[in-house]
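Residue numbers (the working numbering): 104 to 309.
Since the hints were derived computationally from the structure, they do not count as laboratory data.
Check each hint, because a few of them may be wrong.
[Claimed, not checked] Derived pair list, reagent style BS3-like, types lysine-lysine, alpha-carbon separation capped at 25 Å:
no., residue 1, residue 2
1, 209, 158
2, 219, 158
3, 209, 197
4, 161, 195
5, 197, 240
6, 258, 240
7, 209, 239
8, 219, 239
9, 197, 107
10, 209, 219
[Unchecked claim] Derived CB-CB ranges, DEER-like:
no., residue 1, residue 2, range
11, 201, 264, 22 to 32 Å
12, 174, 233, 45 to 55 Å
13, 193, 106, 16 to 26 Å
14, 152, 245, 48 to 58 Å
15, 159, 264, 20 to 30 Å
16, 190, 222, 26 to 36 Å
17, 133, 275, 16 to 26 Å
18, 281, 208, 35 to 45 Å
Positions of the beta carbon are idealized from the N, C-alpha and C atoms, including for glycine.
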Amino acid sequence: PNTKLLFICSPNNPTGNTFDSERIIELIRDFPGIVVVDEAYAEFSSKPSWIKEIKNHKNLIVLRTFSKAWGLAGLRVGLAFANEEIIELFNKVKPPYNVSQISQEKIQEALANRHKVEKMVSEIIEQREWLAEELKKLEIVEHVFPSEANFVLIKVRKARQIYDLLIEQGIVVRHRSDVNEDCLRITIGTKEENVILLEALRGVRL
104 PNTKLLFICS
114 PNNPTGNTFD
124 SERIIELIRD
134 FPGIVVVDEA
144 YAEFSSKPSW
154 IKEIKNHKNL
164 IVLRTFSKAW
174 GLAGLRVGLA
184 FANEEIIELF
194 NKVKPPYNVS
204 QISQEKIQEA
214 LANRHKVEKM
224 VSEIIEQREW
234 LAEELKKLEI
244 VEHVFPSEAN
254 FVLIKVRKAR
264 QIYDLLIEQG
274 IVVRHRSDVN
284 EDCLRITIGT
294 KEENVILLEA
304 LRGVRL
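Modelling step: build the complete structure from the supplied sequences, incorporating the hints.
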C-alpha cells in the first residue's frame, strides 16, 4: 500500500526479454502510483513503444536513452515522456541547463544521421538472431534466452571457468551468475567478432 513508483524494464537487462503487453496494461491500470517503463533497448525490439499509450494513461512515464543503439553513452543523455502534469513536476526539480551545449550538438548531429543508426540496429538484430541459433548448437550451452536487446544471455556449464577461458583469449563477455546462475551475457558484435567467439566456445573443454 505504500508503494508509489513501479519500474519495468522492457526489454530488460540481463535477459533481454520484453514483458507481456497485456500484463503491463494491467499494472498501469491497477497500480495506484506511477508506472515507469524503461525502454533503453527499445530500438532493438520488434514491440511497439509505450510512448503512444501516454495519452491513455496519466500515470505512465516512458524512458529512452541515447546510450545504447545511438552509441552515445558518454553524453549521459536520456529522455522522459509523460503527460503534461508529470513533466511540469520534473521541470520544478530538475537542475537548470542539465544538458550541456556539447551534448545537445552531438545529439542533433546523431539525429541528422538517423539512417546510419537504423542500419546498424538492423545489422545487430540480424547478427543476434544468427548468433542465438549458432549458440544453441553448442554442447556447453544449456539454454539461450530469447532476446530483443543488443545482447543474448546464455546458460552454460561452469560459467566462471568459461568466462576466464574467454578472457585469456581477449574475448570479454559479462559473467552474470550473481543474478542468473551459470549465465553469461554476450553483447552482439560484428559477424567476424561473433565467429571468433563461437570458435572460442567450440574449443572449450570442461
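Worksheet item: Hint numbers the structure violates, sorted upward?
Response: 1, 2, 5, 7, 8, 11, 12, 14, 15, 17
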